[in-house]
Every structure is written in C-alpha cells, then in structure tokens.
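Chemist: Protein chains in written order, with numbering that gives the first Met the number 0: chain A, 0 to 660; chain B, 0 to 660.
No lab work stands behind these hints: they were computed from the structure. Where hints are given, some of them may not hold.
Identical copies go unnamed one by one, so any copy, or any two together, can satisfy a pair.
[Claimed, not checked] Taking lysine to aspartate or glutamate pairs in the DMTMM-like style, the calculated list, with each CA pair at most 25 Å apart, reads:
1. Lys-605 with Glu-469
2. Lys-605 with Asp-491
3. Lys-62 with Asp-147
4. Lys-605 with Asp-537
5. Lys-119 with Asp-482
6. Lys-605 with Glu-4
7. Lys-475 with Asp-495
8. Lys-605 with Asp-589
9. Lys-475 with Asp-567
10. Lys-8 with Asp-225
Protein chains: 2
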Amino acid sequence: MDLPEIPAKVGPAALTSVLDGRWAELRRSVRTEMSGTRFRDGIELDVEQHRAQVLEQLHELAKSDRPRLGFARAYGGADDIGGSVMSFEMLGFGDLSLMVKAGVQWGLFGGAVQLLGTAKHHERYLRPIMDLELPGCFAMTESGHGSDVQHLRTTASYDPATAEFVIDTPHPAARKDYIGNAARDGRMAAVFAQLVTGGERRGVHAFLVPIRHDDGSPMPGVLIEDCGRKAGLNGVDNGRLTFSQVRVPRDALLDRYGQVAEDGTYTSSIESDGRRFFTMLGTLIRGRVSVAGSAGSATKRALTIAVRYGEIRRQFNRPGDPDEVLLLDYRAHQRKLLPALATSYALHFAQEELVATLHDIQGSKDVEEERQRELESRAAGIKAVSTWHATRTIQAAREACGGAGYLAENLLPSLKADTDVFTTFEGDNTVLLQLVAKGLLTSYKDHFEDLSPLATAKFAAEQFMGVVIERTAARKLIERLVDASPGRDDEDALFDRGWQVKLFEDREEHVLDGVARRLRRAASSSDDAFSVFSVFNDAQDHVLRAGRAHVDRVVLEAFVAAIDRCADQDAKLLLDRLCDLYVLSNIEADRAWFLEHGRLTSARSKAVVSAVNELCAQLRPHARTLVDAFAIPEQFLAAPIVAGEEQRRQDAQRAHEATPE
Amino acid sequence: MDLPEIPAKVGPAALTSVLDGRWAELRRSVRTEMSGTRFRDGIELDVEQHRAQVLEQLHELAKSDRPRLGFARAYGGADDIGGSVMSFEMLGFGDLSLMVKAGVQWGLFGGAVQLLGTAKHHERYLRPIMDLELPGCFAMTESGHGSDVQHLRTTASYDPATAEFVIDTPHPAARKDYIGNAARDGRMAAVFAQLVTGGERRGVHAFLVPIRHDDGSPMPGVLIEDCGRKAGLNGVDNGRLTFSQVRVPRDALLDRYGQVAEDGTYTSSIESDGRRFFTMLGTLIRGRVSVAGSAGSATKRALTIAVRYGEIRRQFNRPGDPDEVLLLDYRAHQRKLLPALATSYALHFAQEELVATLHDIQGSKDVEEERQRELESRAAGIKAVSTWHATRTIQAAREACGGAGYLAENLLPSLKADTDVFTTFEGDNTVLLQLVAKGLLTSYKDHFEDLSPLATAKFAAEQFMGVVIERTAARKLIERLVDASPGRDDEDALFDRGWQVKLFEDREEHVLDGVARRLRRAASSSDDAFSVFSVFNDAQDHVLRAGRAHVDRVVLEAFVAAIDRCADQDAKLLLDRLCDLYVLSNIEADRAWFLEHGRLTSARSKAVVSAVNELCAQLRPHARTLVDAFAIPEQFLAAPIVAGEEQRRQDAQRAHEATPE
C-alpha cells in the first residue's frame, strides 16, 4: 500500500474549524463561558454536596442566554433549536450531572410545555422555566414500564363536576421512577398518564402537576421518594413520584394534540391513540439527540486524557535508546485508542448532520410526516451507536491509563460512571436499534415509535417494498465516488472511498433484505400473531444488525461530507486517513460477516487487518493534534496524570542518571 | 441439529457440588460465616465510613481461621495454600473492598514475609500479621514503574558503619503509589527497592519498613499521602509513600533469596539479579490467582442478579397472551447473558484447576523450575481472561437491568466500579497475555517474568523449538475425545467435543507457530536490537492473540474435565450443553480468524451462529438453575429489583385487570 504522507505541520486549529461546523460561533462562546471554576466537576463531593453544587451551577447557567436558545422568540427565546442541542453537547465536556439536570429542566420539562402545550401554558410557564424560577420534572417512566411507555399505568381521570383531572398511581408498578429533579428540587412535573374521560381511555397525555410547595414540602397526595445513590450522575436528584387522587385543573392538560372540553368531551386532530402518543413523543426527540451529543463530548474528553497520557508515559526500555518506550508507540496501545478516536470523529460529523436536520425540520412550518419519522429513526440510531461507543471507549481509556486511570482525580472514573446509563436511558439502545430497522422496513410512512416487536414484524411483513438505500449527506459527492469505483481487486481498493461506501451500502442492503424476507415468509405461512412473534424473536439479532449496518453507513456518509467541506488541504489529508481508519476498523470488527457473505476473500480480509495496523502507525504522530482539535477547555482536562507526568518523567530521568548502575 | 433434551428436573444442588470441587467443605463453611449483616456491602457509605467499616470487618475476619489457612503450621497456620486462595475467591461474593484489603494484609504483605523472609521474620511477624495486630502494606508499584517493576527506583543502600539500610525515594517518580492499606491503617510496609551494597546495585529486594507509630502518625522520614477517592474499592485506603533516608536495621531485609552480611558482603544462591527478582515475584502469584477468583465471584453475582431480573421483568405484549413478555425470552437478552454465563462456568473450572496446581506445587518441597514457570504463566493468562470477562459481563448485566441497574441499591454499580481495576492491577492484562505467549515460545525453561517486549522477542527468536500442545487437565479423556473425532463435515460436528477441542488446539498451534516464524525471521535478518524491537512491536497483536488462544484452550480442557467428574447424569447433560455454548460462542466471536485461515467454511461459520442461538433457547429454561448453583449467600443478592419485582408485577396485573380498557 502506498498512501500519501500526512504533512507533519497539520495543527489542531484547521481541524477544529471543520469540527465546529455550522454552530462554530456558539461553540466558541460556550467554551469561553465554561472556562473558570464555576463549572468545576463534582468528583470529591458526596451526594448531597454534589446536588447542591449542580443546582447552583444550573442557576448560573440560567443567567446566560443558552437555556433560552431552544424556546420561541415570543416568550424570550431564540428559536435556535440546533443551537440549543449544541449547547447541551458542549455541556458534556463538563460535569455530566449538570448536563443532565439542564436537559431535564429546559429540554424535557420545558420542551414538553413548549411542544405539547398551547399558548396558555407558554404564557404562564415558559419564562419561569427558562429563569429556573420553576424547576420541573419530566415524569414519564414508571417502575413497571420503561421501554414500553405507551402502556404506562398512571391515570388522569376527568371529573366534569369540578372540571378537574384526578391524577392517580393505581399500584406500585405505576409509580414514576428515576425522575430527574424529583427527589430534591422540582416544583412541578409534566406527568404522563392514561387519560380517562367519559368512562373511556384516550391514551397517554401529559399533565402539569405541582409536586412541591415553595418551601420544598410535597403537595398533598404526592409521595416523593429518593432513588438514592447511583453509579454516577449523583449531582442529579432522581426520585420516585406516587400520586394519590391528586386533583389538577382542566388546563393542566398539555393540550396541543388532544383537548378535553369542560363537559369532558374529548377532541383530537389525530384519531388513533397510539399515533397521537407517538406524534407527541416524536416532538421530544431533542433529549435523545442531546444525549448522543454529550456522550460524544465525554468520549472526546476521555480520549484526550488517554492520548495525552500515552504520549508522555513510558514503560520498558528499548535497547539503544536511553528513554523508555512511550505507551502510544506500542501497537496494542495504538489499537486501544486510535480506531476509537477515528470513530469519535465519524460520530461527531454524523451528530452535526443530525442536529442540522433537526433544526431545519423543527424550525419549519410544514414538514412531511415521512421526514419527521426519518429524523426520529436517525436520532434513535445515532444515540444507540454513540452511547455504546462512549461506554466502550471510556472503558478502554481507563484501562490505557492503568491504576492512575482508576483514581477519581484523573477524571476517567466519573466519565465512565456518568455515561454508563446513557446506553439505557432516553431509550434502551437495543430497543432503539429495532426502531431503526423497523423504519427501514416500512419506509417511514406509517411508522411510529411503537417499539413492540410484534408491530415491527407486522409492518415488515405487510409493507416492505424492497431495499432502497437513501443517501443522506453529500448525495452527489457520494454518487461520484461510488461511480468512479470499479470492482477493484488490488490491495489499494481498501483505501478507495467509493469502494468503502459501496461495501457499507451493500452490507446494509443485504442484511435488510434478508430480514424482510424472513419476516415475510413467516407472515405468509401463518396468520397466528403468536407465531409471527416467535419468528420475529428468532430474527432479533438479524434485525439489530440491520439497524446497525444502516447507522454505520449514515455515519460514513457524514464523515465523507465533512472531509469535502475542509478547506485546508493538509488537514483534509489527515481526515482522509482518519476516515480510512474508521471504515477499515469497522470492517475489521465485522469481517466475519463480509467473509461469510462472499464480500471479502480471506486474503482481502487479512489485508484489512494489516491496513488498520498501518493506519494506526501512520496516524500515531498526529494523535495529540487530533484530540487537541476537540478544543476542550483545559480545566476539564486537569487530571494530575496528564499535568504532572511530564515533570515526573524528567525528574526520573535526571535521578536515573545520578544513580549507580 | 438434534441435541438431546435437557431434563427439566435438574436442580441447582447437583451443579453446586460440581462447582464446589476439591475445597467444597471450605466453601460451605465460608458461605455460612459470611451470612448475616456483619459482612454487608458499603454502598451507602462515604469514603471514610467505608474504610472504617472494612477495617472493622477485617478484624472480624482475623478472628476466624481463614486468614491463617495459607501460613505455615509452625506459626499457627494451616499450610492450606489452595484453601487460602479459595477463601479469597469466596470473599469476592461480598464487598470487594474487604477482599482486597484482606488480600493486601494476608496475601501480599503476609505472603512477602512468609515467602521472601526467613525464620527470624516468621517468628517475629507472622502471628501479629495473622491477628491483624500488625497491619501492613505491599509497597512495590511506583508512580513511574508499574508494569516494569524490575526497574523501580526506590533505593536501599547498606551502611556498614551502623549495619543499617537507608531506604530512599530519590525523586517523585520513585514514590510508591496506589499502595493498599497505606493511607490510613498500615503500620509497616514490605518495600521493594534496588539494593545497593559496597557501591554495587544488586537488583530489587524487599525490606520491612515501619511507616506509622501505633498512634497512627507517620514515622520520621516517611511521607504518606492519600490517593483519595477511586472509581471503586473505596473501602481500601490506597496511598503513596515517599522515603527520605529512612534507616532500618540489617534484618529488615527479607533475605531468603539474597543476604547482606554485617560488613556489606552480598550473597545469593541465584546469580543473576533479574532471575533472582523474578524468582521472588514468582512466589507471590497467589495474589494474582486470588484476583482472578474473586473477579469470577463478582461476575457470578452480577449474572445472578441480571438473570433473576430477566426472569421476572416483563416488557411489551405478545398477542394472545395476557402477560407481557419476560425479558429473558427475548433472543437479544439471552445473547447478552447466556454465553457470558457459560464462560463463567468455564472460567470457574479453569480457576479450580489453577488453584489445585498452585496448592500442589507450592505445597511440595522439590518443584522443577519449569513447572513453577508454567504455573506462573497459567495464572497470568487466567487472570487476564477472567478479569476482562468480569468487566464485560458486569457491564452487560448492568445494561440488562436498565435504569434499575444504575441504582446503587441494586448492587451492579459497585460490582462494576470495584472490579474495573482488576484488568490493570496485579499485572496489566495486556502485559500478562504477552507473558503467556512468551512462556509458550520458550517452553518455560529460561523463562522469567521479565515482561519487556525485547526479552520476549529475543527468547522467541533464539529458543523456539516448535509448538507442542501440552494438555493440562484430563489428558487421557481429551486424547480419547480427539482421537474419536474424525474430520467431520456434517453440521453435528459442531457439537462433537473432540472436534471442538481439536479446533481450539489447531488455532493455538497455528497462531503460535506464525508468531515464532515472524520473530525468528526478524532476528535472523538483523542483529540490531532496535529493529528486533520493531518487529516485535509490529507483531504485538499477533503475540496477544497467541496468549489468548492458549488460555481459551486450557479453559476448555478444564470444563471438559469437570463434566467428566459430574456424577449426576442429568446435571452432566446440562453442563454438556453449557460447554457447547462456551465453545461455540467463543468460536463465533473469533470466526473471522477461522474463516480467514480456512478452518471454517462460510456455511459452517453461519451454522456456528445458528447453533449459539439454538443453545441460548435450549438453556434459557435452566438459566435460573445455573445461577442459583453458584450458591451465593442471599444477603449479597438483596437488590430491590430482584426482591421487589415479582411482587410489583402481580400488583400491576391485578390493577391492570381493574382499569377500564
């Protein structure tokens, strides 16, 4: 293989400007605002101190413009949805408890009021929400229903005699659980409950329910429990809410999608209960997108610490060299960190695309339902892939720093613990990947976020029209690349971007087609819903693979588009190699599939492994540049292992020379 | 495939008796002793409370016979090395801080005194060590040298004028770091330092150095720092020790392997400094073996919680069934937990073999050096594989329990956090797997624990005589199985144990042979040590794979031997299927290699994936039995999700029936 050399002179700034993208100015201003000790980590605090610090920081944040970004201008906001999500992503460089608490207040609670409520709610609540005068909760999940929220069991029964809703927890499994802001600070909650009016169930709706007096004591009929210590995110006060016949006025219903008249008559522009609920849920995807973004930020922070450490920490002598070998010069160490770094870049660009799409769709008046569904599906997929990547990579970064990586002062433990729940909150990743696959099988037309396996199987069986790969980013460029790439047999084909894209597209198409045929066969051979379920269940790993293959391809396209945007030719060359590493390490991890399906020969497959090694070696001198380009405020990288190591090494060297051999 | 049905009537007891093995009686008595609240977890405590609780529990433990097991009868011990290690493994069911603190006191500190010291040390110290009157530390690792301990830099210079050693930390990187028991409780430390006498360096030796007065204040010249909060294991007080010209008497030297006469003359029965040091290290492998064992216990605990939860937690309706579907009925959920469960069984049996070998070797007078080296290598390999398995599996168990798995009360967070460091302490796993490969390349003759990559490369190049697969457990049985297995082409071959063993042996042989040829070629083409290093480094992933392939084969043999020991025919059938799942999920994960090297056809490879699915389905009804067989004291499984869920579900069901549809 004969790859062009990457010029040694590439500096981080050229990369930062590609990474910063459309919201570059906002990113820069957030970096400046976050600098200083106000937004310090909470690593040495106990649970209560940590909660107090995070609340204080949240009040600091409320004084800035950022919480207003996502809200309507009419109420003091900025109508900048993308900027709002981006600012959550940037908060992810700091204490993730603050990111989550801010996400609960302004993203979930504020978002529910804005997107599910109407003018009367906006006028009354949006300003105090933005100012944090009214701290709130988003009370959807219950002890018994997390993934399957459509079947949650809290009830809201309308009483026409008093024109009130009665909010009730009919049994312990219907208790609201893991609710952020509930255990200590929340005054009000957006409670999701099954609406019952005129003796009929109308599906899940959201209600604004006061849960605490201003003095902090719970409202009558509201039982508040504390979820206690968690693996991480201990600056967030998660709690449990149980309602005993709590009465709220008729206008507590967030009634954009469904209204109850004074006499109890129910109206809605959406007839089906399920469809209405998933339409409501769909408006709330900013939370999911923000989790993906901040998982990315935390991963970048961990990689920056580990790469810097690998660049100064030495162990074992190499003969003929007075210095010991730098950890990052070992191949095994490069393999632990560099493919993960390449993937972080890839996911960064995919996230950027996702936020831009979200901004454009939610910011425009008339959006085809299909585009909205597609956006939801993309958000689900990127959230799943990004958060699993975070869990794996932060773990690898911890191990790459040895015992030092285990000390709280070196920041990796809290990064690991805080992000751990990301894989299962705001949608369990396994369930989310299923949703992605379902979207692909139904071309988004009648596709809602109904996550039940049966719905997936039925839709697939009834509606699948054949696989159509729809390119997402940089359509024309991708087309050119693919067209210019003949079926090449030489080793260099591995580095041909068109060949790579074709391989990813082919995998997606083949896997998806296989799933569809499997589910269809089942549906045609049996009318029995029960056995359709069994077939679905037998194919579950196949379904998940389809979702994954799709996301990988979308991520690659975003990387290709970003490289195309890069104006600096040297930086472009570096990004090109990094993209190769993303692609080839992805193929390497999945090469059993490519071999089994005749997409790679044994020789080509071995060449992929060699190419990953070669790319690691070629990129190794640029590792520091690549992490520095994330431009994480230095205060969040102040781990003593990174700060002190270089000094210690020099000391050691001097002393070593002074000791008798 | 036509596998025999597993009888429904297999109960946990028959399995427990296979699992309990040679030290069954000890295991039973430890279970009884651990029951009750004395040995409760420390999940709700802050760092200082947790340290206090663990110290108190350690004193409780000191009153039992267990800490004495590993010491010589002459000093009140029991000469039961295997029992001693086994009791650490059992401690792994409880608070891992206690296990680690006990390991530091009796395994590492006590072990150093017993194994590196002589009669004068034994008489003076062993009793107060066993009784915990003398809490001690094992001060080997330094800030600058962890994996490469041979090059640590603390000095111990003999001063014949006063017949004292002067212990000194010449510079910050030589500071002792992460030392358990140092920050709060230790009174004395076994300090590893470069011995200098008569102006000559004699390599690393251990010295007993008092670090604190009885009132807890540090000794003059000893600076003690606290490592502070860690990701986990916060009941252990890790600290840093810096020595400023601290004088200790001549008999502070633990002088079994090297002696310093009053005039400073140095004598040793082992001429080479390196060889002497690695001989000393070799005696201390009990610590590494104990870490592997307790990692296994923690993994079993996490799997038990996750499997029990998966057996009662339901989500999403299946049509035609009033109940929602149990999590463990989903294929994706089975795949998260059941192959890991099979691997836990496999590693359990391998650990049992390892402990028995350790017991027999360390308990006998004359042991060939080769057998000792082989034992060290096996301990290294099983420690690496077991602790990585723990990290991965506990993570999967956490995710399998969703948000509930993130709450401290449900125990998984502390299991994850506490075991996280196991992959890098008592030997970094990457370095340990290299050691395994080196042992295989040099047939253990001149093989010491010198972990430098160059040593590995040189040894391999100079000494490799060709691969010889030496069977470890159940030699004759394995031989019979392999001989009875012709090169089968039918699908059922996947379930033929002989075919499986042959496949594992073949992989090991092929990988090892390839590494050896690579390193040899390099050595013959160049005399330049520097380029030998480069070749080694280029082959590092290949070397690690060789180590891994060897360990996998040894683990499989141990599983086969254990099944053979099982007297209950029904239980045997169940273990047989579980072993299939271990083997086939291992092959599945590595099937790219088998495909690339022509060991599996595409069709056979796909059949492996199907077989794993089928085995998951077949074993699913036995999942609860398989975890219950670990016989973990119920108090350590008292996670509210497991205890409360069944009740909540029944409540929910009743309420559901009462609500209008």
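Chemist: Evaluate each hint against the coordinates.
Modeler: A quick look at each hint next to the structure:
{"no.": "1", "hint": "Lys-605 with Glu-469", "in the structure": "neither (31 Å within a copy, 29 Å between copies)"}
{"no.": "2", "hint": "Lys-605 with Asp-491", "in the structure": "within (13 Å within a copy, 29 Å between copies)"}
{"no.": "3", "hint": "Lys-62 with Asp-147", "in the structure": "neither (37 Å within a copy, 52 Å between copies)"}
{"no.": "4", "hint": "Lys-605 with Asp-537", "in the structure": "between (32 Å within a copy, 15 Å between copies)"}
{"no.": "5", "hint": "Lys-119 with Asp-482", "in the structure": "neither (55 Å within a copy, 82 Å between copies)"}
{"no.": "6", "hint": "Lys-605 with Glu-4", "in the structure": "within (23 Å within a copy, 40 Å between copies)"}
{"no.": "7", "hint": "Lys-475 with Asp-495", "in the structure": "within (17 Å within a copy, 53 Å between copies)"}
{"no.": "8", "hint": "Lys-605 with Asp-589", "in the structure": "both (13 Å within a copy, 14 Å between copies)"}
{"no.": "9", "hint": "Lys-475 with Asp-567", "in the structure": "within (21 Å within a copy, 67 Å between copies)"}
{"no.": "10", "hint": "Lys-8 with Asp-225", "in the structure": "neither (54 Å within a copy, 42 Å between copies)"}
Against the hints set out earlier in the document, violations occur for numbers 1, 3, 5, 10.
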